[in-house]
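For the protein sequence lines, the chains are A and B, in the order given. Numbered according to the UniProt record's numbering, the first sequence spans residues 1 to 370. Numbered according to the UniProt record's numbering, the second sequence spans residues 1 to 370.
Read the hints as simulated data drawn from the structure, not as lab findings. Keep in mind it's a predicted model, so treat the numbers as computed, not measured. Yeah, the Cβ is synthetic: ideal placement off N, Cα and C, and Gly gets one too. Please note that the accuracy of each hint is not assured.
[As the list claims (entries may be wrong)] Computed from the model, here is a short list of chain A residues facing chain B with C-beta under 10 Å:
id, residue
1, Leu116
2, Pro245
3, Thr248
4, Ala255
5, Phe356
[What the hints assert, rightly or not] Chain B is nowhere near these chain A residues, computed Cβ spacing over 12 Å in every case:
id, residue
6, Thr42
7, Ser93
8, Thr167
9, Asp206
10, Leu258
11, Glu350
12, Glu352
2 protein chains.
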Amino acid sequence: MAQQHLDPTDPTARAVTGDALAGYLRGQATEFLRALRLHRETGGGQNGMEESVDAARALRHSARRISGSLHTFRPLLDADWSEAMRPELAWLSGTLALEHACAARLERLLLALHRLSGSAAFPAQSAASAVGGRVTGAGRGVPASASGRGTGPAAPSTATAERGNLTVGAAKAGALLERQLTLARTRAHSTALQALGSSRFHAVADKVAVLASEVPLTPAAGGADLRPLAAAAGERLNDAVAGLPLVTAGHPYNAEALIHGLSPDPAPHPQDGPWHQVRLLLRLHRYAGEVLHGDDPPLDVRLLAAGQALNLHRDASEAAAAAASAARTPRIAPATAYALGVLHADQRHEVEAARFAFQQSWQKRTVGTP
Amino acid sequence: MAQQHLDPTDPTARAVTGDALAGYLRGQATEFLRALRLHRETGGGQNGMEESVDAARALRHSARRISGSLHTFRPLLDADWSEAMRPELAWLSGTLALEHACAARLERLLLALHRLSGSAAFPAQSAASAVGGRVTGAGRGVPASASGRGTGPAAPSTATAERGNLTVGAAKAGALLERQLTLARTRAHSTALQALGSSRFHAVADKVAVLASEVPLTPAAGGADLRPLAAAAGERLNDAVAGLPLVTAGHPYNAEALIHGLSPDPAPHPQDGPWHQVRLLLRLHRYAGEVLHGDDPPLDVRLLAAGQALNLHRDASEAAAAAASAARTPRIAPATAYALGVLHADQRHEVEAARFAFQQSWQKRTVGTP
Chain A
1 MAQQHLDPTD PTARAVTGDA LAGYLRGQAT EFLRALRLHR ETGGGQNGME ESVDAARALR
61 HSARRISGSL HTFRPLLDAD WSEAMRPELA WLSGTLALEH ACAARLERLL LALHRLSGSA
121 AFPAQSAASA VGGRVTGAGR GVPASASGRG TGPAAPSTAT AERGNLTVGA AKAGALLERQ
181 LTLARTRAHS TALQALGSSR FHAVADKVAV LASEVPLTPA AGGADLRPLA AAAGERLNDA
241 VAGLPLVTAG HPYNAEALIH GLSPDPAPHP QDGPWHQVRL LLRLHRYAGE VLHGDDPPLD
301 VRLLAAGQAL NLHRDASEAA AAAASAARTP RIAPATAYAL GVLHADQRHE VEAARFAFQQ
361 SWQKRTVGTP
Chain B
1 MAQQHLDPTD PTARAVTGDA LAGYLRGQAT EFLRALRLHR ETGGGQNGME ESVDAARALR
61 HSARRISGSL HTFRPLLDAD WSEAMRPELA WLSGTLALEH ACAARLERLL LALHRLSGSA
121 AFPAQSAASA VGGRVTGAGR GVPASASGRG TGPAAPSTAT AERGNLTVGA AKAGALLERQ
181 LTLARTRAHS TALQALGSSR FHAVADKVAV LASEVPLTPA AGGADLRPLA AAAGERLNDA
241 VAGLPLVTAG HPYNAEALIH GLSPDPAPHP QDGPWHQVRL LLRLHRYAGE VLHGDDPPLD
301 VRLLAAGQAL NLHRDASEAA AAAASAARTP RIAPATAYAL GVLHADQRHE VEAARFAFQQ
361 SWQKRTVGTP
């Protein structure tokens with residue numbers, strides 16, 4: 001974040017102490033509880049309401065921020081409480097993220113199939129974007145809801161009609177992906193609902209409720225300077241970025257992302273790992289900036305762009321893996337497999353494009369003390 | 001070509017008249033006859049000698065230059081003679097180019113398959129590069145010759161062993177492509193030999209033999225200035241380049257080349273046509289420069305790079321089409337089709353990369369009077 005706000009040699013710089021951390025955590029805990037209440041009121045996504053989707057997103061949003069702050073400012077917080085809390089928050093946000101991820105992945109892949117078929121008629125809002133919408137006919141290739149954001153009851157599917165614009169192989173590939181990812185999404189939805197009804201979740205929610213009024217700071221934390229810990233988060237990010245192959249990534253069309261594209265390993269490409277790690281460290285760095293700056297964080301456009309590039313990188317990487325995985329379905333037609341191969345390669349090139357975009361955002365900035 | 005050499009306002013500029021054109025055509029005709037003699041002495045490629053490959057290349061080289069010069073400087077040459085000569089030279093160079101193109105395409109695709117399999121052990125010279133080598137077992141998947149450049153007799157194939165490094169789908173895709181492109185190459189080889197023994201060819205060769213001593217210039221051509229005609233060739237190139245989507249091409253990862261990647265049309269992508277056209281106009285522009293500058297053409301690195309980018313564009317475009325065509329072979333396994341899909345997309349991205357490279361070479365140059 002902008003160094004001029006935090007120059008340690010600036011005598012007018014606002015003091016940022018453990019009290020600011022406590023305020024941030026109380027605020028995020030309050031957000032969490034508000035989102036939880038909203039989620040319960042809207043039926044936990046059972047009715048396919050947009051509010052329910054937003055509530056789940058807000059729950060993840062605050063869970064990630066609490067967890068990230070516990071990590072970055074660990075020395076200032078009660079160690080036992082912090083160690084017990086973090087894995088539970090990670091479990092919760094991970095569980096809640098899965099349904100959304102499946103829906104977003106399907107939408108990404110169907111849009112790509114239409115693009116690759118030269119089908120200009122595809123609407124921007126596909127059935128697959130009905131995140132949190134009512135899930136019907138899961139596992140039988142029947143899309144969930146025709147409404148873009150689950151704002152209404154399930155209407156007749158447009159996705160099937162849209163496939164009329166696709167070539168035969170692409171249409172079959174789209175149907176296969178829809179079947180597999182809709183099934184995965186339905187399972188993720190059930191898992192999320194079960195999780196939110198579990199005693200494990202109630203224990204987390206109880207702890208967050210306490211956090212909303214009472215933050216377990218260490219005795220010395222109240223007046224302690226947060227900036228060295230926030231700076232350390234920035235340094236961890238810088239170190240991880242320094243380990244990325246940015247010179248290669250900065251050369252357009254370096255063709256690195258598709259190496260091993262025909263490898264038999266069904267796991268995501270190992271080359272993606274360091275980029276995923278940087279994505280997480282960038283998020284921690286951003287949250288640390290939020291703690292320090294409170295309601296008035298400076299806007300760092302490059303950092304935002306870098307984070308968006310890494311989100312794209314993650315999404316394309318997982319979409320490519322889903323296409324490769326679908327191609328291993330037994331007894332598919334060669335034309336279906338061919339379309340999935342083109343789709344896989346297309347998404348791997350999106351991975352490469354995202355690395356290039358990250359390199360472009362990053363090259364002229366250095367992460368200072370947040 | 002470099003304007004400073006040809007500034008029409010420069011009173012010291014060397015006069016470039018029809019006599020220079022006559023000298024150039026005589027020289028190219030002599031090269032043609034020399035290559036033809038060498039080709040006959042080496043058995044027309046029947047013995048797989050490197051010299052024979054070189055001779056065929058030299059034949060194409062001079063045939064293209066004669067044909068191109070007849071086109072650019074048409075008003076200075078006997079019209080009937082010129083009109084009769086050009087299609088025959090185009091037929092000849094096209095026929096001779098096909099065998100080399102099949103071999104180069106196979107090599108490109110096999111190298112790509114190895115790259116996509118993460119197989120680093122693949123040698124730079126594959127069996128597929130045995131251009132003009134002895135063709136054995138064509139149509140049955142037996143590669144032509146293990147020697148990289150046809151410099152020796154056919155040795156046991158290494159390509160089959162190399163496929164051991166490929167994953168199952170990639171290996172099958174490689175075998176299928178090898179079978180299809182080796183068959184195409186064998187046919188092209190036979191066609192070329194038949195062409196070189198035909199009365200049609202002998203008629204062309206006779207005309208070229210006359211050209212080597214006697215160039216049919218129009219009466220006024222001897223003292224006429226070549227530069228306006230050469231400049232017109234440069235303008236045709238500039239006009240065609242102006243019609244290319246260079247703004248898009250200059251944005252890395254614009255994903256344009258793979259649009260229609262899943263289109264059912266087996267023909268090459270129509271979007272490639274204008275680029276292929278620019279490639280031909282660039283070649284005419286270059287030949288016109290050779291006519292004007294004789295043995296001392298100025299080196300234009302950007303123009304060379306632009307031409308190489310367009311050659312790559314053509315090669316990748318045709319390789320992508322070959323992969324798509326192979327995927328339509330009946331009864332192939334889904335894993336084979338998947339690998340061909342990845343390969344197709346990979347080559348279409350090479351197409352996109354070549355457009356980017358062309359844009360980069362072109363953006364800072366303007367074609368002046370050659």
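Check: Does the structure break any of the earlier hints, and which numbers would those be?
Finding: 2, 3, 8, 10, 11, 12
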